[in-house]
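> Listed here are the chains, written in short residue letters.
2 protein chains.
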Amino acid sequence: MNLLILEDGDFIAADRVLLSGRRLKHLHEVHRAETGDSLRVGRLNGLMGSGQLLRLDAQEAELSVQLDQPPPEKLPLTLLLALPRPKMLRRVLQTVSSMGVSRLVLLNSYRVEKSFWQTPFLEPAAIREQLILGLEQARDTVLPDVTIEKRFKPFVEDQLPGIAAGTLGLVGHPGDYPACPRAVEQPVTLAIGPEGGWIPYEVEKLNEAGLQPVQLGARILRVETAVTALLARLF
Amino acid sequence: MNLLILEDGDFIAADRVLLSGRRLKHLHEVHRAETGDSLRVGRLNGLMGSGQLLRLDAQEAELSVQLDQPPPEKLPLTLLLALPRPKMLRRVLQTVSSMGVSRLVLLNSYRVEKSFWQTPFLEPAAIREQLILGLEQARDTVLPDVTIEKRFKPFVEDQLPGIAAGTLGLVGHPGDYPACPRAVEQPVTLAIGPEGGWIPYEVEKLNEAGLQPVQLGARILRVETAVTALLARLF
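Protein chains in written order, with this note's numbering: chain A, 1 to 235; chain B, 1001 to 1235.
Calculated directly from the structure, the hints in this document are not laboratory data. It should be emphasised that the depicted structure is a prediction, and the values quoted were computed from it without experimental measurement. Some clues are possibly wrong.
[Said to hold, decoys possible] What follows is a set of in silico ranges between Cβ atoms, one per label pair, in the way DEER data are often shown: (1) A:Y110 - B:G1217: 28 to 38 Å; (2) B:G1036 - A:P124: 27 to 37 Å; (3) A:E123 - B:G1036: 38 to 48 Å; (4) A:G21 - B:R1055: 50 to 60 Å.
Just so it is clear, CB atoms sit at the ideal spot from N, CA and C, and this is done for glycine as well.
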């Protein structure tokens, strides 16, 4: 935890918060914090700054906070991601949040196993938990906007053309395609497939919606690694 | 497993292998393979090609193999990595292997907890296992060369100048440094610090050995994510 994230419900005054639960445990066990210590804090979807520990015991911690710095800029990116397997989903959500993605769409694909849609990790509170872990890691406060689209065709036909309009639209796909561009200057809409890749019909539909296939070389990367590699190359 | 890796001990003739254990289990449970199926195979540190399943039962699988394709090129990179915590180490080894790093040095640093050096995941067989998982994922056959340096100063003073000579030497370090370069054309020696970063003395010593500090922006990434992001940007 490189940033202690404060939520609206933590505030007992404009510059005073009370913490318990996971964050209190982390202060005790990892930070080994003591009264008087100063910590980096940030208000969820708001400013960052510093907090001073006024009081810390087994039940709660009280901090006085000063919030005066803006969070880092987000990447101007809408990421469409074929739903990964549940264990990978949790890590990918953290990565997406850490790297500053603005908007994530978890999308169905032919090669997404139907059982993946049953995971409790897709519940809003579970998604939010992983996103916050990513923000704490990266020192950011702004949650990415995450939506779930269980039907590929209506999403790609009806919504994607509007999302992709005015952006650089790309589909990560192995094969004889141009290499993924580097250091782009415009907003991007990027689609990354499931293990085993998109099927040709899906590549065609994504293409019709304005996304051009690009590749990253012969190596097949895990979804989490591919997301990081494509984002690091694009921005 | 996108490539079935064959080891010398598997060969019962120049074009014939017998498999058991983990790979047999994978053929049964994940590939749901049957006699006659064709699979992508590669000989460890050798060529890749295809294998045909001649026989498959609960005890073993026999394949006839044809090996005629070179593995993908390695990145011309020596990566010095402050030893990560054991759980992260396993994933980082897979990532390093998947991404095609030629040479990895696991190095001590002031902020590496001493207990990390006690992990069984540092034993040669455990390291090799993770590297092979990475090769299977990426479709590569060539193991990276991994060495372990438990003493920072003698390694950085005595060996690193020779390793870094004739390469672009870089230290990933947050702060007011130039941005990490993109799409470089020469071999690279890159040092990535522990959680919490290198201490100033270490940055100075790495610098004296020929490595210049570069940064990746304000966001603090987990070690595994930072490795992937730096490599994707550099190559």
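> Range first: 50 to 60 Å. Now tell me if the beta carbons of A:G21 and B:R1055 are that far apart.
Holds, since A:G21 and B:R1055 (Cβ atoms, about 57 Å apart) stay within the stated range.
> Looking only at beta-carbon atoms, does the pair A:Y110, B:G1217 fall within the given range of 28 to 38 Å?
With a Cβ separation near 36 Å, A:Y110 and B:G1217 satisfy 28 to 38 Å, so the hint holds.
> Note whether the CB distance of B:G1036 and A:P124 lies within 27 to 37 Å or breaks it.
The hint (27 to 37 Å, Cβ to Cβ) is violated, given that B:G1036 and A:P124 are roughly 47 Å apart.
> Given the hint of 38 to 48 Å, is the C-beta distance from A:E123 to B:G1036 inside that range or not?
holds, 43 Å
Going through the hint list in order, the structure does not satisfy hint 2, though it satisfies all others.
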